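Asker: Okay, here's what each chain looks like letter by letter:
Protein chains: 2
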Amino acid sequence: MRIFPMAGASDMDVAMNKGDITRQRIIATAAPIFNQRGFAGCSMQDIMEATGLEKGGLYRHFQSKEELATEALSYALARSVRSRTDDLKHIDGALAKLRFAVQRFVETPSLMPGGCPLMNTAIDTDDGNLALRKLAQTGLSNWKKRLAVIVNAGRRSGEIRADVEARQIANTMIATLEGALMISRLEGSKQALLDARISLEVLLNCIAANS
Amino acid sequence: MRIFPMAGASDMDVAMNKGDITRQRIIATAAPIFNQRGFAGCSMQDIMEATGLEKGGLYRHFQSKEELATEALSYALARSVRSRTDDLKHIDGALAKLRFAVQRFVETPSLMPGGCPLMNTAIDTDDGNLALRKLAQTGLSNWKKRLAVIVNAGRRSGEIRADVEARQIANTMIATLEGALMISRLEGSKQALLDARISLEVLLNCIAANS
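Protein chains in written order, with the working numbering: chain L, 241 to 451; chain A, 241 to 451.
Worth flagging that the hints you see were computed from the coordinates, not collected in a lab.
Just so it is clear, the structure is predicted and the values come from calculations on it, not from any experiment.
Errors might be hidden in some of the hints.
It does not matter which identical chain is meant; a pair holds if it fits inside one copy or across any two.
To be verified - Straight-line alpha carbon distances no greater than 20 Å define the calculated DMTMM-like cross-link-like pairs of lysine to aspartate or glutamate that follow:
no., residue 1, residue 2
1, 305, 347
2, 430, 405
3, 385, 294
4, 385, 405
5, 385, 427
6, 374, 427
7, 305, 294
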């Protein structure tokens, strides 16, 4: 078996046995491949080549391509949602938190090759795989909740106008950023993401209680 | 050969011969199938079944799946971009035109099953088919230009602030609407589109010269 790298493996090594570590490494290696090629466009052969595992080694850990794809997508979505909303608690103020979340997305719109796993799965599965689709729905729901919690905290503290709907702001932030990422990747330019940041800044200024 | 319907066929019948009409009807039938299943997920067999044509009949008009997919995507994109920006000249004022374009998208986000062909192709081809990708780039560019022309007319007439960048508004409108459509389809609810409309209304109010 070839040794292949995985982000954060060292933290996990302590609590995981060798089989768990291999399984986790397969997931981390498969995630960007599925993200780039989609469920239909990626085969177990591709994963065998990327991991250096033989067929028997791969199927010892995952019974089917669907099982591996589901785990790989869970891993990709969890990393994405976390990277977009973690570490905001050190920032004072709801609007500053939301601005920081926008800024971080614009700077690092996707953590792995192939763009945003949420959007890729939403588009890829909208006439297809239900298990993957449910994971994307959960990822979206978690992202929305994390943003809405910040908006509602800002309403309670008096920083954000009381008549603002948290869901509307969360939906708009996600829609604008994800749409801008789609344009940005299609054009091969960051311009749409920079433009989205300016427009979201206008929106956040408008929901400030003192605006 | 089975007779299959095509929107607007009667207008074309006058100027087209029988071969052209059949070709055009194949394109109109293939477009929603490619839009739903993607280039890789749709076969010439699927098109044969949908059109009722035999293999020889289909290949008489299109040498390859790629040729048919390219024509089908051109057709789908042209219809989409037109439906989103046509008929605005009867509306007075740049801001009213932009609001109307938002409203129309929210009411009819996609003309054919499978969602927006621009976004589907952008996501489907971002690691794949170059010919289809170029068509999506052109479709996006046309949509952006049409919106930017309206913004710039509003700047010249004094209705929109002179310091507003037309490209920024066009990028934001498209990003927000396309992203909201993605969320809306994933959630099976119009909420994200309705929220996008409210937020774009805030943005349009902010770029008004008298704001």
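Asker: Give the relationship of residue 305 and residue 347 under a CA distance limit of 20 Å: within one copy only, between copies only, both, or neither.
Answerer: Close neither inside one copy (33 Å) nor across copies (38 Å); limit 20 Å.
Asker: At most 20 Å between C-alpha atoms: does residue 385 with residue 405 qualify within a copy, between copies, both, or neither?
Answerer: The answer is within: 13 Å in one copy meets 20 Å, while 32 Å across copies does not.
Asker: Cα distance capped at 20 Å. Does residue 374 pair with residue 427 within a copy, between copies, both, or neither?
Answerer: Between copies only: 10 Å across chains, 30 Å inside a chain, cut-off 20 Å.
Asker: Given a CA cutoff of 20 Å, do residue 385 and residue 427 count as a within-copy pair, a between-copy pair, both, or neither?
Answerer: For residue 385 and residue 427, only the inter-copy Cα distance (14 Å) is at most 20 Å; the intra-copy one is 31 Å.
Asker: Tell me, please, which holds for residue 430 and residue 405 at an alpha-carbon limit of 20 Å: within, between, both or neither?
Answerer: between (29 Å within a copy, 16 Å between copies)
Asker: What label fits residue 305 with residue 294 when the C-alpha limit is 20 Å: within, between, both, or neither?
Answerer: within (15 Å within a copy, 34 Å between copies)
Asker: Please work out whether the CA atoms of residue 385 and residue 294 approach to 20 Å or closer within one copy, between two copies, in both situations, or in neither?
Answerer: neither (41 Å within a copy, 52 Å between copies)
Consistency note: the structure conflicts with the earlier hints numbered 1 and 3.
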